[in-house]
Amino acid sequence: AGDCIGPRGVAKNVITVGAMNGANAIAGFSSYGPTDDGRIKPDLMAQGVNMLSLACNCFDDRDGDGVDDVPNSTTANRTMSGTSMATPVVSGVAALVLEEANTRNIAMSSAAMKALLIQTAQDVQGIGQATVGPDYATGWGIVDAEAAVNLLRQGGLAQGTLNATGNPSAWTRTFYVPENQAEVHLTLVWDDPAGVPGGQILVNDLDLRLIAPDTTVFRPWTLNPANPGLAAVRNGGNDAVNNVEQVSVVNPMEGVWTVRVSANAGNLPQVPQAFSVASVLPQRDVVLVMDRSGSMSL
Numbered sequence: 001a002g003d004c005i006g007p008r009g010v011a012k013n014v015i016t017v018g019a020m021n022g023a024n025a026i027a028g029f030s031s032y033g034p035t036d037d038g039r040i041k042p043d044l045m046a047q048g049v050n051m052l053s054l055a056c057n058c059f060d061d062r063d064g065d066g067v068d069d070v071p072n073s074t075t076a077n078r079t080m081s082g083t084s085m086a087t088p089v090v091s092g093v094a095a096l097v098l099e100e101a102n103t104r105n106i107a108m109s110s111a112a113m114k115a116l117l118i119q120t121a122q123d124v125q126g127i128g129q130a131t132v133g134p135d136y137a138t139g140w141g142i143v144d145a146e147a148a149v150n151l152l153r154q155g156g157l158a159q160g161t162l163n164a165t166g167n168p169s170a171w172t173r174t175f176y177v178p179e180n181q182a183e184v185h186l187t188l189v190w191d192d193p194a195g196v197p198g199g200q201i202l203v204n205d206l207d208l209r210l211i212a213p214d215t216t217v218f219r220p221w222t223l224n225p226a227n228p229g230l231a232a233v234r235n236g237g238n239d240a241v242n243n244v245e246q247v248s249v250v251n252p253m254e255g256v257w258t259v260r261v262s263a264n265a266g267n268l269p270q271v272p273q274a275f276s277v278a279s280v281l282p283q284r285d286v287v288l289v290m291d292r293s294g295s296m297s298l
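Residue numbers (my numbering): 1 to 298.
Rather than coming from a laboratory, the hints here were simulated on the basis of the structure. We put the CB at the ideal spot given by N, CA and C, even for glycine. Hints may contain errors.
[Stated by the list, open to error] If you anchor each label on the Cβ, the simulated ranges turn out as follows:
| id | residue 1 | residue 2 | range |
| --- | --- | --- | --- |
| 1 | 265 | 92 | 36 to 44 Å |
| 2 | 260 | 200 | 23 to 31 Å |
| 3 | 197 | 109 | 38 to 46 Å |
| 4 | 163 | 3 | 20 to 28 Å |
| 5 | 69 | 183 | 46 to 54 Å |
| 6 | 274 | 53 | 30 to 38 Å |
| 7 | 3 | 67 | 41 to 49 Å |
| 8 | 200 | 67 | 52 to 60 Å |
| 9 | 55 | 179 | 40 to 48 Å |
| 10 | 67 | 197 | 44 to 52 Å |
| 11 | 214 | 78 | 56 to 64 Å |
Take the sequences, apply the hints, and build the full model.
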């Protein structure tokens, strides 16, 4: 069943975590999206079944018979399952990323963290309504600590700001794609201003586009909330619902590509709007690097 995530878990600027039971099974207790307005939730997945967790090293009467079920225990842990076990995994990965960012004097916003973790997540597909690309069962995939830290080290995170609408005010960067790449994808995340309860949820609607050397424009993945089990559409069109967008291009042509972040007229009522873009190519042959002057290099 979908549309069963609690109110706190569907907040647009948080990282909502679902639980896996191994890499090839969704935990039976993990809730599915979409949200009522069609946004992708959960955002990420992590192992949540049979996790060794901290526990009170005290009188423990689980069966209610008045007798300590674990007498003379010297360990303050127990094996537990739940999304409450999966969430600390993602929190721990975020802590490792922050530690690495601090050593490199990189200021990490919450949007930057979310973009980095989503960009490097391992896609889940073929099980329990989990399909290629994002879905309402597993979000953007299983968090990958090593990939996230490596991407940060390689300079695959850029942060920018929009102050006005229209392409003349867009944020753009270029990057080179070598031949024979299987796929390239980039992820845009921004912390959106508070919406109106019962009304408009997404306030500032930013748009991520990848523009090929031949000027072909590629748009984000899109999902159909009216049919939650349907696979996401690559280059699906304009996303006016989520404050996370990812564009994926299969077999991209060789040459200089452009990444563009912009907002259409009327879609940026509150400025300035900060955002983060995370990017990496397969095998990490080429990554976007943003230096302190704001320019992008290879």
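Hint-by-hint comparison with the structure:
no. : hint                  : in the structure
1   : 265 x 92: 36 to 44 Å  : holds, 42 Å
2   : 260 x 200: 23 to 31 Å : holds, 24 Å
3   : 197 x 109: 38 to 46 Å : violated, 25 Å
4   : 163 x 3: 20 to 28 Å   : violated, 36 Å
5   : 69 x 183: 46 to 54 Å  : holds, 51 Å
6   : 274 x 53: 30 to 38 Å  : holds, 35 Å
7   : 3 x 67: 41 to 49 Å    : holds, 43 Å
8   : 200 x 67: 52 to 60 Å  : holds, 56 Å
9   : 55 x 179: 40 to 48 Å  : violated, 54 Å
10  : 67 x 197: 44 to 52 Å  : holds, 49 Å
11  : 214 x 78: 56 to 64 Å  : holds, 58 Å
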